[in-house]
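Asker: This is what each chain is made of:
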Amino acid sequence: MNPGKFFIILPLAFTGLLLASCATYYQKHYDFNSEFEKGDLPKALETLQQKESLANSKSKFLYFVNNGLLLSLLGKYEESNAFLEKAFMFGEDYQINYFHEAAGYFTNPNMAVYKGEDHEHLMLLYFKTINFLKMNMPEEALVECRRLNIRLNQLSDKYHTVNKYRRDAFIHNLMGIIYQSTNDYNNAFIAYRNAWEIYEQDYSSLFALHAPDQLRKDLLNTAWWTGFTEEFYHYREKFNMPEYVPVKPEAELVFFWHNGLSPVKNELSINFLIDHRSENMVVFTNEQLGIAFPFAIEEKKERSDLQSLDIFRVAFPKYDERPEYFRRGSIELDSISVPLECAEDISKIAVHSLRERMVLEFSKGLLRAALKKATEMSMKKEDEGLAALIGVVNAMTEKADTRNWQTLPHSIYYARAPLKVGANKVIFQIDADHDRARYTFTYQAKKAQTLFHTFSSLETSLGMPYRLY
Amino acid sequence: MCKILIPLMILGLTACQTRHVTRLDPATQIDLSGRWNDSDSRKVADQMIFELFDSDAFKKYAQSKTTKPVVVVGMIRNKTSEHIDPDNFVKKIELVIHNSGVADLVESSEFRDQLRVERTEQQDFSDPSTVKRMGMETGADLMLFGEMTSETDTFNNRRVVNYITTLFLTDIETNKRVWYGQNEIKKYMKN
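Those sequence lines, one after another, are chains A and B. Throughout, this note's numbering is defined as the position within the first sequence, counted from one, plus 18. Throughout, this note's numbering is defined as the position within the second sequence, counted from one, plus 30.
So that you can see chain B by itself, here it is in the shape it has in the complex:
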């Protein structure tokens, strides 16, 4: 009887579990499921920013302008089988462009619409001395857009996924592609 009751009592004493939470350096790479995660977003952003700034075509384009080129971010289409938010790495790229001073950024269509509503309402409701003028938006020179694709191969409990992120920086006036960058992340997972 004791052989049964004693382990039960020990279990009783150890039953109260606590949840452990640890704060980590955001740069720490942790892979749990093998799906796209923050480390992949960071890797794509870091490598593509470097490729963009290092490209001769972009340097040449920037030098040809009398002012800093103005960039707007367009649509990054996701063709993978996962719900990946490309904003996670696009915002990092935008941040570096903005802070580097190499180019200026204008708001994408999502935020532009809100600004236009605000500006329109100012015409009717704001102090005339503070009303912002219509028709003074800065037109972008370049649009950054692209797509994400993935190729998956599975056999039994093994899976290989290759994520390909392609970004283009295109001259809005001429449709000429100024910069073209591609990043691949290949993962092998075994259950």
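Here chain A stands alone, though its shape is the one from the complex:
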């Protein structure tokens, strides 16, 4: 080997070592994740904030939202919102860096900036809005509401097929709840009506989730209070609630229950065979999984570069779900029991979104593998030693993008309960198959006030840290 080549090989080897870690994003941050899952939130926050360099990394979005969520759980709403605002601004200012994207094709997709999943950008605004409501800042919550509306419009413009997650019923429902809490019944009605349509048209078929009964009541209430009598009677008949009469309680409690934990992205490695049967085409196949991807090959050289490539491994992302431990919940007050209804199944949305773009993920993964292998084969004709090293680096760097917001809940449940002016004792009960937990809260309510409460149960039915699973 001549000395010139040494200077090519050395950085290649170094890059390979740097990128060689086969750990997933979850495993890389296992200390933080295990502390969070155990419910040791102060320690988890400390661990997270020790990694301040993440704020300038390619995964900065996740650093911001994890901080935002943790601080919110710890009741530090202002600090939480500062981080969530950074995450929001990241989403606003995000521009594709083509260099990083290209680097992702030659190494692995972790070289590109993580831009966040669609539902993650909505969820960060959900947490921000709830923080403002808990701080009794309704005007600021309404600003977030308008931002949510813009985000929802962007989402519905992004996709045009009905099978995609392109409309979020829960976020519309949330907007209705916020508008209603500020006595803007007209906008609340619009939001509830949109939410109801999406639950019935999209969520019921995509996620087996129907409109909550509370949403029906809220839709009827706000129609009536806005003076939309025609709409009120129309929906009352549609919902088969002929006796329903809107009643304004002295005050209200809206209780959100964040149940469990969202799925974690993992890696799925698939071995592909190359089929050279066609003249201008090579087909990557995996017969076991029934996958066949054709690639057009125009140049003779490209064809010969891929000729000696018969089998290779490609890594793709996949979700590992963390099923809920608690199955149902309710709140009890003054001998009334109000069930908490599931309004958002984040786990199903995440899995569905990835499944829907899996064709794109396969294409990207195969293109990446093809580029890497073609480079290796091309180099082989010039220098076998260097080509072998490139082959090693290629194999070491082949990995999927396993980044996602892993501290999100599995699902969001909610209930609306009437309160009296003054002190109200409320019991929150959650049930698992063979387990039950009860918590007592006391709320001080003023006339016509809507109070907001969130409760997070981090237990999953895996019953142990995710890594061991």
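Simulated from the structure, these hints should not be mistaken for lab results.
The calculated lysine-lysine pairs, modelled on BS3-like cross-linking and capped at a C-alpha distance of 30 Å, are:
1) B:K216 / A:K256
2) A:K176 / B:K73
3) A:K133 / B:K220
4) B:K109 / A:K235
5) A:K152 / A:K61
6) B:K220 / A:K176
7) A:K366 / A:K133
8) A:K94 / A:K133
9) A:K182 / B:K109
10) A:K465 / B:K109
11) A:K152 / A:K104
12) A:K182 / B:K220
13) A:K152 / A:K235
14) A:K152 / A:K443
15) B:K217 / B:K121
16) B:K109 / A:K256
17) A:K182 / A:K336
18) A:K176 / B:K109
19) B:K73 / B:K109
20) A:K61 / A:K94
21) A:K176 / B:K217
22) B:K206 / B:K121
23) B:K109 / A:K266
24) A:K182 / B:K216
25) B:K89 / B:K73
26) A:K182 / B:K217
27) B:K121 / B:K90
Once you've looked at the hints, dock chain B against the given chain A.
Answerer: Frame of chain A; chain B shown alone:
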């Protein structure tokens, strides 16, 4: 190898993007998503002001009064599926009414409540020579209110939306409708 590295280097050099911001004439019509936007608000305001001032019923009502009619803006109900703030065009209408001198405006209930709180507090805390008197508010003759509706028809990736804005100017004393205006904006969108 060079065939791969050279495009990569070019990409590297072009990777640093800059954001372009351009200031536009607010009257410029730009339609991006096809939803209700500033151009629609402006169109509704311009056309409805013209219809209001040009209506014989309003002219007749104004002439029948010894003083300028006083108008208060009531609720504009939004029955569309979009979160549209009717204030965007109602404030434009108010501005033209105010500047034209054809009618006087009094504050709507939202601001009236704040003024009443301020006036009540003045009674206790302000210099007596500057305290504003209670019971001296100007009562409105007419109330402007209305509603927005939309009809949507979709098929595959095509969508037609018809926005209908209806405004009424009603005599507060007699409930008689003095003026009735309607504006329609129909949009066709194809993805």
